[in-house]
Amino acid sequence: MRIRRRDFLKATGGGAAAAAVLRGRAWAQAKPIRIGYTLSATGPYSVGAGITQGTGYALWHEQVNAKGGLAVKGEGRRPIEYVTIDDRSEIETAVRFYEKLMGDDKVDLILPPWGTAMNFAVAPVANKYGYPMIGPTVSSNKLKELSFPYFYAILQQPDACMGAFTGFLKELKGQGKVSKVGVAYVNDLFGIEMHSSLTATLKDTGLEIVDTKSYPLGVKDLSPVLKGFKAAGADVFLGLTYPPDNILAASQAKEVDFNPPVYLAAVGTAFPFYRDRFKGAEGVSGIAGWNPKMKNPGAREYYEAHVKKHQKEPDRWASAFAYGSLQILERCVGEVGLDRKKIKEMLDATEFQTVAGPIKFAKGVNVTTPGMVGQWQKGEFEIIWPKALATAPVIIPKPAWA
Amino acid sequence: MSASLLFDILVTGLITGGIYALVALGLNLQYGLMRVLNVAHGEFLMLGAYVTYSLHMGWGANPLLTILVTGPAAFVAGLVLHRLLYARVLGQAEAREAIESRSLLLSFGLLFVLQNTALLVWSADLQGYSYLATPLHVLGAVFPANRVLAAGVALGLSVAFYVYLRRSLVGKAIRALMGEPEGAQLVGVNLTRLHGICFGLGVAMAAVTGSLISMLFELTPFVGLPYTVTALVVVILGGLGNVAGSLLAALLLGVVETVGVYFASSDIRLISSYAVLSLILILKPSGLFGR
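Protein chains in written order, with numbering that gives the first Met the number 0: chain A, 0 to 401; chain B, 0 to 290.
These are calculated hints, taken from the structure and not from any lab test. Positions of the beta carbon are idealized from the N, C-alpha and C atoms, including for glycine. Fair warning: there could be bad hints in the mix.
Stated by the list, open to error - One side only, chain A facing chain B, incomplete, derived with CB under 7 Å:
1) Ser45
2) Val46
3) Asn186
4) Lys212
5) Ser213
6) Tyr214
7) Pro215
8) Val218
9) Pro223
10) Pro243
11) Ile246
12) Ser250
13) Lys253
14) Glu254
15) Val255
16) Asp256
When you get a sec, could you build the whole thing from the sequences and use the hints?
Shown next, in the form of structure tokens:
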């Protein structure tokens, strides 16, 4: 469950260095396709970047080059060469590097950085230079308003995620199993947007919100929040979290004896690390998007190749979408070549089959994948909502913390 | 407001404050005594936390007992660092300002070296373990057992150190240096040696705090800096070089923050602590207990 910096460098920088050495023998080999990106290897974003995105980039690079390279329409296979740096979780570093990649280096293609805020900052740059960018770790309703024609959001957006949460809770409410919700959200763009989507969709469900608390990124103590929910008799904990506060909330819930029948949390719950940290985390639910039991073509193969290469499992939300976005790019280049305008046209018009299921973009947002709720059950993050995609029935009430 | 809620808030505040106390005491020894502004203070806390994590996960060591390893090891590391880096750089500095700016630069470099070392050794993934993650019911309120333990130990060590400063010969020499540096040297206090010891003690306190908080939080190589900032606030609040002041300021800050969190939200935690700091700086610029 870790990406070491040296593996990261080996897979990315190392690949670039090897390609540079090989250039001396260029007559024997096709010219490499240069693909630029930044990812956070250090700083607060590095946790998510390493789990969700870096692993997929490295795996795809290895697989494609093992086949002799990326098939380009009319040119045959050309090896991939990554041009990349660590953006140190600094948005301005990332923006500057993307400017350089597209303006000076004129790379063939780009891949996105990690996280909603990063993608927000880089999207206008990509748009300016006309480079299609498919972001697998962006979830924000504001994207639609901003309208960057070259930016594509492949992950479920807040409305879809929260729609799934409320759909799921509404059914439980109908069965008389839950009625009172305590909501905690992280006070940054992600949490605020998720929260506003949640309140909009929760309105007509008959569920009562007994308490709402926000908290800052990097919070050190959530026990007052949890004690408040407990005192208010909440039978649903709903945390719109980022990974560190998600872990804190779960460990403190146990410490203050708070074990509601439904425990839902956002980013981080789908990480295998979360399951291991809480001895199975049996019955804990959260935002989901994927698991290896789904019937998407290639899902199981992707899972196995990921584990084989990285000795750790992909997460159960965005990892598969990160890899899926590369599959989409691969297909586009195979069918229309490296003309970025044509790639964009194909992205707008085509339904793609990926390990994360069928993907179709409308106005730059994936409209095929519904919001999903997952629940840790015996080591797998089973999809429990919507029912059409469910891989297991829901466990309610949640068992005691292990 | 019920008595049990008041009790809950007070104890939660003291738990937070107890941990602040130990980390701030370490910084006060360095900044208050030597004017060495060690912004890498929190990184030593981070390293202490990681060492405890590794000892616990690798050999099943009791996290609490690991402070017997991290404390002395950090003390020695502090002595060596002081001898190799700080004594050399600060030795030629004459004015107080020169010491502050040079030590700031030096520790800033150290911060990056230590963070990146941790990144190489432990990676950037969140890492943590569960220890004593059980509820503790006291008088109708419930507290996390591990936090009570960590704060108790931190507070105990802080008080013990305070007593040591008051009673022992070394402690008296340190206090003499804090109060009257030139006079202390005139009566034979060895400045360089004591500075080394104080620096080592400061590092040790950070590392021990780190060992304690590793029971409570997930670790990344970047957990240290917020503690440096909090420690600085506490040191300024309590008065530079004032050990008892630091202790009381830490507890006060813990309680103020908790009151803010209970009655408003966690978002105002930082605001409330900076509000207290600003207020004190306006009303009594030498700190709550400064002279």
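A quick look at each hint next to the structure:
no. : hint   : verdict
1   : Ser45  : holds, 4 Å
2   : Val46  : holds, 5 Å
3   : Asn186 : holds, 5 Å
4   : Lys212 : holds, 6 Å
5   : Ser213 : holds, 6 Å
6   : Tyr214 : holds, 3 Å
7   : Pro215 : holds, 5 Å
8   : Val218 : holds, 5 Å
9   : Pro223 : holds, 5 Å
10  : Pro243 : holds, 6 Å
11  : Ile246 : holds, 5 Å
12  : Ser250 : holds, 6 Å
13  : Lys253 : holds, 5 Å
14  : Glu254 : holds, 3 Å
15  : Val255 : holds, 5 Å
16  : Asp256 : holds, 4 Å
Of the numbered hints listed earlier, not one is contradicted by the structure.
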